[in-house]
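Asker: Chain by chain, the residues:
2 protein chains.
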Amino acid sequence: MPAPRQVSMAVIGAGGVGKCFLTQLHFLASKLCQSPSAPIYLSLIYVSTSKKAIYHADYRSHSNWDSELQASTTPPLALPQLSDYLVKAPGKTVLVDNTSNQEIANAYPDFLKKGISIVTPNKKAFSSTYQLWQDIFHAAANGSGHGNGGYVFHESSVGAGLPVISTLKELVETGDEVLKIEGVFSGTMSFLFNSFQPVAGGGGKFSAEVKTAKDKGFTEPDPRDDLNGLDVARKLTILARLAGLKVESPTSFPVQSLIPKELESCSSGEEFMERLPEFDGQMDELKQEAEKGGKVVRFVGSVDVPKGEVKVGLEKFDKSHPIAALKGSDNIIAFYTKRYGDNPLIIQGAGAGGEVTAMGVTGDLVKVLRLLH
Amino acid sequence: MPAPRQVSMAVIGAGGVGKCFLTQLHFLASKLCQSPSAPIYLSLIYVSTSKKAIYHADYRSHSNWDSELQASTTPPLALPQLSDYLVKAPGKTVLVDNTSNQEIANAYPDFLKKGISIVTPNKKAFSSTYQLWQDIFHAAANGSGHGNGGYVFHESSVGAGLPVISTLKELVETGDEVLKIEGVFSGTMSFLFNSFQPVAGGGGKFSAEVKTAKDKGFTEPDPRDDLNGLDVARKLTILARLAGLKVESPTSFPVQSLIPKELESCSSGEEFMERLPEFDGQMDELKQEAEKGGKVVRFVGSVDVPKGEVKVGLEKFDKSHPIAALKGSDNIIAFYTKRYGDNPLIIQGAGAGGEVTAMGVTGDLVKVLRLLH
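Sequence order for the protein chains is A and B.
So the first sequence is numbered by UniProt numbering: it starts at 1 and just counts up by one.
So the second sequence is numbered by UniProt numbering: it starts at 1 and just counts up by one.
Please note that a few of the clues may not be correct.
Heads up, the list lumps identical chains together, so a pair's fine if it works in one copy or across two of them.
[Unchecked claim] PhoX-like mimics (lysine-lysine), calculated; alpha carbons at most 25 Å apart, straight line:
#1 LYS113 x LYS319
#2 LYS19 x LYS338
#3 LYS92 x LYS216
#4 LYS19 x LYS246
#5 LYS52 x LYS88
#6 LYS246 x LYS327
#7 LYS292 x LYS19
#8 LYS180 x LYS169
Since the hints were derived computationally from the structure, they do not count as laboratory data.
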């Protein structure tokens, strides 16, 4: 019978996704420590928000992170100090970054080199400069360089908990030829266009649908952060790189912004929302043009691997196309490959939300724990 | 830099799936041995068909398995002898069972206990008696008993290379509540009903569609082996067990056979095919009844986890339902869970064929190699 193993856990971010993750972590930890033959003890040694943190110099585990964090007056550790703290923690260490912070992402190579594994939904780590991508996967034990560092997994950086990244990796690793990746990669854009132009007909004015989406909490606080297409561009950058393309950044290929040129200078989200109805006519034209051909408009991203082309923007789809038939705020991702032929491998479902995003992170943690013998 | 590792590979079955797998193995091996920092040498020490085998007493690797196997006059090793041979092989050993043989499946617990890992699309290992299921996962290092044995993976036992089993496992492991699993689990049944009653209307007589499917090679040599529903029942047994239900066998729940009672006594597949048109009237009635309600008939399987119910048979679906809109011989699997809410997590694509089935096996092999440090 092998000796019980201890794994130290550090979690940055305790908001929407972070909170759900910490609940799932509690569930996972209680199962793992009960394994009759190979128990693993997950010890929560660090939790931080942007304002405060909880941790002990002697690495004691926090069993009531929620109340302890509320009561805490300790500021979070700066990244170099966090790295020093974690490297001396008992057993192996896993850092869970539930933020979308670029500065933390930039520090991944350093953490990985020190043997700290990382699981994260943080898109910025994998969709910023190609240099950062290379540095991360050169340092990681499961990267191209097969370094001696920690492991890194980021399933939730595309499609939340949907098995998108693991599936793409497997296609590539087993020698399939990925020809095209296409889909709806944003829950916000999915909801907007499924409401703006439902397959069954009808739908409201575009600005009204944006307002509804904002009111339902389906957009960022400032909807321009969804409408500029950058979120989708980041996800396409990640998928294109996994498929073997050297995409320099999410702004190095054509991305269609749904922010009208005339509104680019708006000084606030409020002003933008007030003026958006002026442009409903343009969107209605698009809708009618698609309708004439028996089609609907959707905001999609695609990667043409052999051509090395990535693009993000509006496209028209036949009403019988799976992308047209999407519901609610679901994502859909289609992999066209040599093996799968004319009918792609399709993955579909909720691609946003705390619980499903956290599920991808927790699933990645399970993978890391299996590898950390 | 870690020392290069050698892993011994034994492959049973070199027909449709086996041949594709061996080609993918060649691709994988050539990549793994080139890793600059952590090369792995996959050594092919045994390949067998039902009639002959190739292996060397000194465990030399076979680099031209195809021609060597053709030239071989050596019979395959009996399972106890194979087990003895493999247990003494250099490095860790992985057995790839590309058959659908029950006798080989019954020997899995023995292989696993001896530290031999198994990857396989063989449904019979996981859908026969519950006792065999328990014995396998008690012995396996990645099973419920966390034994000290080999690892076992069987992604291709449901939906070929589609990420069905890995996704279900992750939902369960991360604490989601799986409520219902529903889908089309047979490429043959998919093709038959997509042709018999297309959403757009039309379609031929049922017996004619069976004949077309048989001529195209989409059915077993004897189509009754598809029409009896047992193949789908085996897949549902596997998924239900993974979701936590103690399903005793694939015949312990309701399975609708499409073999008319009157034809159960046919002595041959030919006689069956000749007489099947007598029953086209019954199938046409079903079709018209569905059509009246704006629906189509499909052959599906489902697991209701809270109720502990598994069933396989014909059901009607609205024409807008993803199951109705399936194309060709694609499979579709929908997971309804607490986290995913009203809109299920859906996986869709080719669920049969040598290349995609082998891909699931090769993907599993990659997982095992990661775990075999």
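Asker: Confirm or reject each hint.
Answerer: Verification of the supplied hints:
1. LYS113 x LYS319: neither (49 Å within a copy, 54 Å between copies)
2. LYS19 x LYS338: Between copies only: 17 Å across, 41 Å inside.
3. LYS92 x LYS216: neither (41 Å within a copy, 54 Å between copies)
4. LYS19 x LYS246: Answer is neither: 35 Å inside a copy and 33 Å across each miss the 25 Å cutoff.
5. LYS52 x LYS88: Within one copy only: 21 Å inside, 56 Å across.
6. LYS246 x LYS327: Cα proximity of LYS246 and LYS327: none, with 33 Å in one copy and 34 Å across.
7. LYS292 x LYS19: neither (47 Å within a copy, 49 Å between copies)
8. LYS180 x LYS169: Only inside one copy: LYS180 and LYS169 sit 14 Å apart there, 28 Å across copies, limit 25 Å.
The structure shown violates the earlier hints numbered 1, 3, 4, 6 and 7.
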